[in-house]
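Undergrad: Sequence:
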Amino acid sequence: LQRQTVTGRMTDTAPSSASADVSSDVTCSLQESSPPIQNEEPQDAMATSPTIATGVQDPNGGNEAESVPVYRSEPVVEHPSTEAISDKMTLSGVYATPGEWLIANRLQKFTESFEQIGCMVLSDLKEVLDDDLTEMGMPPLPQRRFKAAVANVPTLDRKPRAHLPASQLMRKVEDFTKLPNEPNDTSYDATMLADAAEQVMSAASNMQHLVLDPWQWLEDYGLALFKVNFEGLGVRSIVDFTEVLDQDLMAMAMPLLQFRRFREHAADIPPAGGSSYRLDLYAAEVAAKEDPAHQTAAWMKCLRLDHFQEKFVSIGVRCLKDFRELREDDLVAMAMPLLQRRRFLMSAAVAVPNLPDSAESALANYQHQSAMCNTPPKWLDALHLSEFSPNFDALGILDVLDFKEVMRSDLEEMELPLLQLRRFLASVAIIPEAQELPGRRWETPSKWLESVRLKRFEPYFVKLG
291 LQRQTVTGRM
301 TDTAPSSASA
311 DVSSDVTCSL
321 QESSPPIQNE
331 EPQDAMATSP
341 TIATGVQDPN
351 GGNEAESVPV
361 YRSEPVVEHP
371 STEAISDKMT
381 LSGVYATPGE
391 WLIANRLQKF
401 TESFEQIGCM
411 VLSDLKEVLD
421 DDLTEMGMPP
431 LPQRRFKAAV
441 ANVPTLDRKP
451 RAHLPASQLM
461 RKVEDFTKLP
471 NEPNDTSYDA
481 TMLADAAEQV
491 MSAASNMQHL
501 VLDPWQWLED
511 YGLALFKVNF
521 EGLGVRSIVD
531 FTEVLDQDLM
541 AMAMPLLQFR
551 RFREHAADIP
561 PAGGSSYRLD
571 LYAAEVAAKE
581 DPAHQTAAWM
591 KCLRLDHFQE
601 KFVSIGVRCL
611 KDFRELREDD
621 LVAMAMPLLQ
631 RRRFLMSAAV
641 AVPNLPDSAE
651 SALANYQHQS
661 AMCNTPPKWL
671 DALHLSEFSP
681 NFDALGILDV
691 LDFKEVMRSD
701 LEEMELPLLQ
711 LRRFLASVAI
721 IPEAQELPGR
731 RWETPSKWLE
741 SVRLKRFEPY
751 FVKLG
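For any residue, its number in this note's numbering is found by taking its place in the sequence shown, counting from 1, and adding 290.
No lab work stands behind these hints, which were simulated from the structure alone. Warning: the hint list may mix true and false statements.
As the list claims (entries may be wrong) - In silico DSBU-like links for lysine-lysine, alpha-carbon gap of 30 Å or less:
#1 437 to 416
#2 737 to 694
#3 611 to 601
#4 694 to 745
#5 437 to 399
#6 737 to 753
What the hints assert, rightly or not - Each pair of labels, with its calculated beta carbon distance range:
#7 735 to 691: 13 to 23 Å
#8 662 to 554: 55 to 65 Å
#9 554 to 581: 40 to 50 Å
#10 663 to 623: 26 to 36 Å
#11 719 to 619: 14 to 24 Å
All C-beta atoms, glycine included, are put in the ideal place defined by N, C-alpha and C.
Model the full structure from these sequences, guided by the hints.
TA: Put into structure tokens, the structure is as follows:
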């Protein structure tokens with residue numbers, strides 16, 4: 291300490307040459323009389339310790355600076371201390387991360403808990419609820435400190451919410467339809483009611499067009515981190531967010547805060563079914579107004595599946611009823627994402643009134659209809675396979691039993707699509723076998739030809755001898 295005091299006095303001031311000599315003499319006498327300072331730190335720490343020039347006089351007559359090490363009692367701390375961060379925040383007025391904010395408010399013990407619920411930026415702290423604090427085991431005093439400090443956290447500017455969530459607007463329309471609508475009823479003005487319903491629907495339509503890009507919507511609400519997950523799920527437009535289920539959000543490991551935020555703002559998006567919550571019924575209603583040749587195109591467009599139209603045609607879809615025969619593995623094979631698969635399977639069941647409740651039931655119906663046909667043309671017509679009649683005629687189909695002899699390679703050669711192939715194979719499987727009489731001997735060619743359903747060719751065999 292004495293050495294540092296004398297040295298500091300010499301280095302802080304600019305003495306004359308006379309005073310410098312006196313100071314150097316004092317320094318030398320102190321070095322001779324004072325015991326050396328014991329260094330208790332490791333050698334590598336000494337090598338890196340800062341030094342102070344003492345200005346000891348050189349025995350040869352010149353002044354030469356001598357380096358005196360300054361020893362520390364504690365190792366150097368690399369990471370910033372709580373005080374340093376607090377001072378930094380006070381000066382800047384902005385916290386860089388939620389972690390720094392928690393340290394400055396003596397809540398660093400709960401950093402991991404805040405990260406788990408999705409605190410990624412400072413504004414996320416304002417979305418934390420009392421139940422969240424209790425769930426992470428935060429005592430009352432830290433909770434008070436958190437609530438007092440989080441009030442000063444700046445709020446991230448996001449798009450303002452619509453005046454009313456879409457669900458409330460649609461509920462109003464639904465309530466209108468439940469009111470009595472009789473000619474003599476004077477409890478309400480029907481004209482005013484119709485105008486109000488039109489205004490509600492107009493507001494819902496405007497809400498739908500506030501944001502056209504789904505990825506901009508994610509960016510606006512701080513959910514851009516999950517863009518890849520939503521793309522894989524099948525989100526193509528803003529209304530697709532209304533079909534995302536809780537299990538989808540959990541599958542993409544969305545934290546609690548982002549989960550709530552998504553659910554809160556997705557409720558503002560009107561459903562794509564216009565005035566109907568049931569998009570499946572709405573699509574069936576739209577398709578029913580079209581002529582049969584354009585019903586499938588209108589139905590797919592209403593369900594936002596028109597970009598799969600070519601694939602549907604390639605597997606054999608010719609009318610709305612054909613959609614009911616498709617299975618989920620067929621949709622997976624055509625690379626249809628999850629949201630579109632759900633939408634399709636839900637809507638295909640009601641695309642046409644009185645459809646079977648499953649693809650298997652639809653196939654069983656075809657089997658039942660074909661079993662009542664006794665000629666090949668009727669059998670093919672019952673399975674909606676009349677367009678392939680020339681191909682089967684070329685194979686030599688003259689009786690319904692002949693269909694059992696058609697091979698898979700024959701069907702592939704005539705390029706029978708997937709749906710039609712399934713119908714054919716399922717219906718052929720229930721055609722009864724030809725009646726056989728055990729032990730019967732064919733004494734004549736005529737009887738033999740009759741047993742193999744070739745009786746009509748008997749004259750030709752007779753001519754051959």
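Undergrad: Indicate, hint by hint, whether the structure satisfies it.
TA: Hint check results:
Taking the CA atoms of residue 437 and residue 416, the gap is about 9 Å. The hint holds against a cut of 30 Å. Among the hinted pairs, residue 737 with residue 694 is consistent with the structure: their alpha-carbon atoms are about 22 Å apart, no more than 30 Å. With a CA separation close to 16 Å, the supplied pair residue 611 and residue 601 stays within the 30 Å bound. Only pairs whose Cα atoms come within 30 Å are accepted, and residue 694 paired with residue 745 is accepted, the gap being roughly 18 Å.
Only pairs whose Cα atoms come within 30 Å are accepted, and residue 437 paired with residue 399 is accepted, the gap being roughly 16 Å. A C-alpha spacing of about 17 Å is found between residue 737 and residue 753, which places the hinted pair at or below 30 Å, so the restraint holds. Distance hint for residue 735 and residue 691: a CB-CB separation of about 20 Å, consistent with the stated range 13 to 23 Å. In this structure the supplied range 55 to 65 Å holds for residue 662 paired with residue 554, their Cβ-Cβ distance being about 57 Å.
At about 43 Å, the beta-carbon gap between residue 554 and residue 581 stays in the expected band of 40 to 50 Å. Hint check: residue 663 to residue 623, Cβ distance near 31 Å, so the stated range 26 to 36 Å holds. Separation of residue 719 from residue 619 is about 20 Å and conforms to the stated range, judged on CB atoms against 14 to 24 Å.
The structure shown violates none of the earlier numbered hints.
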